[in-house]
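Add chain H to chain R, keeping to what the hints say.
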Amino acid sequence: MNIFRLAIRNIHWNAFRSLAIYLAVVGVTGMLLSTTLIIRGAEYSLNSGLQRMGADILVVPAGAETKLETALLMGKPTNIWMPREKVDSVAAVAGVETASPQVYLASLYGAACCAVWEMFIVVYDPATDFTVTPWLRDHLGRELEKGEVIGGHYISVPPEWENITLYGYGMELVGNLAATGTGLDQTLFMNMETAIEMAEVSKSLAEQALVIDPGLISTIMVRVVEGADTHRVALDILSGTTEMVPIESPNLFGTFRSQMNGLLWGFFAISLLIWGLSMFLVGLIFSMAANERKREMAVLRALGATRGFIFGTLLSEAALLALAGSITGIIVSAGGLYIFKDLLAGSLRMPFLFPSLPAFIGLFSAGVALAILTVTLSALLPAYRLSRREMAVAMRE
Amino acid sequence: MLKLEEVTKTFQLDENTTITPVNRVSLDVERGGLVIVVGRSGSGKTTLLNLAAGLVKPTAGRVTVNGRELAGLSDRELSRMRSRDIGFVFQFPSLLPALTILENVSLPSIFNPVAAMNHRRERAAELLGTVGLSTKLNVHPAQLSAGEQKRVVIARALINNPGLVLADEPTSDLDQYTETQIMDMICSINATGVTFLVVTHNRKLLPLAGAAYEMENGILKPVQPD
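Sequences listed follow chains R and H, in order.
Here the first sequence stands for residues 351 to 747, numbered as in the working numbering.
Here the second sequence stands for residues 138 to 363, numbered as in the working numbering.
This is chain R alone, in the form it adopts within the complex:
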């Protein structure tokens, strides 16, 4: 028998009281971790998406910023255009290392000639691209050939199809990019040569021909020279034009970020409030328990227990319940989020990527530590009072 075994026995013996505290900790820890995971998961997803694009600045037609964000976030096809010659003017700006155009296309909706309907398609320029090309170099060791495509994480060849067929043109899926949790996971990437051939084939095989105007592009991905001031470069791109808008990548998804942050931090604040209230209730439960057990503790004191032992026993009970409750709460909430992450992202219309293992371990540890700290703090005052109680008086009560 030692202080922990005694605490464990008391926890078992007072099963109802212990269960109430345990469930309170499970609930609040789970809720707090869920909101934290969603916030972190959304941030992680956005950052992964930005990293995937690899651009320091995105140049889009004026007024098309929101459309672009929606396309990139949710994989919803968009129709934005600007003259191709803008690439040269952007590339000429001081501090720009590379300016790479992209053309955004979409497959048809409800058409038999398309294996996947309304698929977001990004057509890149292999000569200047830095979004897909580094991945191709690392994973395939070569460029894409005509008729080959790579897909976002969730792109696959539909079961009843032999290849990715769009506009009646079959393409071979030669790889998938890593998950980002954004719309890029549902996006198909191809080079301009493939896109032009698809447009050509569509004239005879598609329900509606695909038209690609060689003089138009959708966006320009910009990489600045190392050490250059990105903000300065963006201002220089902006100066002298009203037709296009440069978006620095940290500002991309700005509207979404602020909406999401407002919502989720609100949830987080509510969770914290519930946490505070729960811990207050846990403190009350401990006070009631301490009151019930004052004679028991007085007996222990008479048998030779020090005040520290009494104090330690009660705090150990609190810490053990917090440990068990927080681990359960975290496993349940993290497991639930992991299983239902796609449903969650879809229903909340937000990107979500489960945080990396080290980040999750950090959150797990922080959650457990926070639970133990706060529950133990809730028990601190009742435990202190009980340990200081006059023994002879407590025995008579």
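It should be emphasised that the hints constitute simulated quantities derived from the structure, not laboratory data.
Hints may contain errors.
To be verified - Below, a sample of chain H positions facing chain R; criterion: calculated Cβ distance under 7 Å: (1) Leu192; (2) Arg213; (3) Arg219; (4) Ser220; (5) Phe225; (6) Ser231; (7) Ala235; (8) Leu236; (9) Phe248.
To be verified - In silico SDA-like pairs for lysine to any residue, Cα to Cα no more than 25 Å straight-line: (10) Lys273(H) <-> His362(R); (11) Lys194(H) <-> Arg645(R); (12) Lys644(R) <-> Asp310(H); (13) Lys644(R) <-> Met218(H); (14) Lys341(H) <-> Glu646(R); (15) Lys194(H) <-> His362(R); (16) Lys358(H) <-> Glu214(H).
This structure is a prediction, so every number in the text was calculated from the model and none was measured.
Even glycine gets a Cβ: it sits at the ideal position worked out from N, Cα and C.
Frame of chain R; chain H shown alone:
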């Protein structure tokens, strides 16, 4: 072994009311003795035991156990002294309901740093055998009768081999047969050299005492054991 010199304990109930359950009591309990203090409920017997164990501090006077004055000891030293030198038999049910009786009996040994950790359970089982409960080591207190619980409490009081056992109404709420059993047990343990100070309302126990006292309104006076 235990000495009380002119000990008084006064409790302040409110601004205008004080009570003195122990009033200028002097008592000398010799090593190996069996001292019985009789008295009615409220006469101050339990307060006397609490003073002897250092559970309450005297308002006046000196309490000495094994030559050490309790007033000079810190709370930690008092705890250590209680765990090593004093066994307690409480009047009220005092077994921890969450623990088996074997664990209840071995419990005080965890407060005694000199108790051999690996022999605690063996010692507890041995004591429970001595009080006739060797077949019920792993039952919980609620499964025992009042008499059996009292025997467990006596076994618990002896786990750290104390020189002094303070027993508060050890035979209360017991039938005649069990009362005799318990007192026989106390006498046989006393015969091994353990000092007993027993307080009780039961005058029938007086013949068992080496020295006997009566407590009335906080005042202790000797009476004839017979």
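Structure-based check of all given hints:
no. : hint                    : in the structure
1   : Leu192                  : holds, 5 Å
2   : Arg213                  : holds, 6 Å
3   : Arg219                  : holds, 5 Å
4   : Ser220                  : holds, 2 Å
5   : Phe225                  : holds, 5 Å
6   : Ser231                  : holds, 5 Å
7   : Ala235                  : holds, 3 Å
8   : Leu236                  : holds, 6 Å
9   : Phe248                  : holds, 3 Å
10  : Lys273(H) <-> His362(R) : holds, 21 Å
11  : Lys194(H) <-> Arg645(R) : holds, 19 Å
12  : Lys644(R) <-> Asp310(H) : holds, 23 Å
13  : Lys644(R) <-> Met218(H) : holds, 22 Å
14  : Lys341(H) <-> Glu646(R) : violated, 31 Å
15  : Lys194(H) <-> His362(R) : violated, 36 Å
16  : Lys358(H) <-> Glu214(H) : violated, 31 Å
In this structure, the hints that do not hold are numbers 14, 15 and 16, in rising order.
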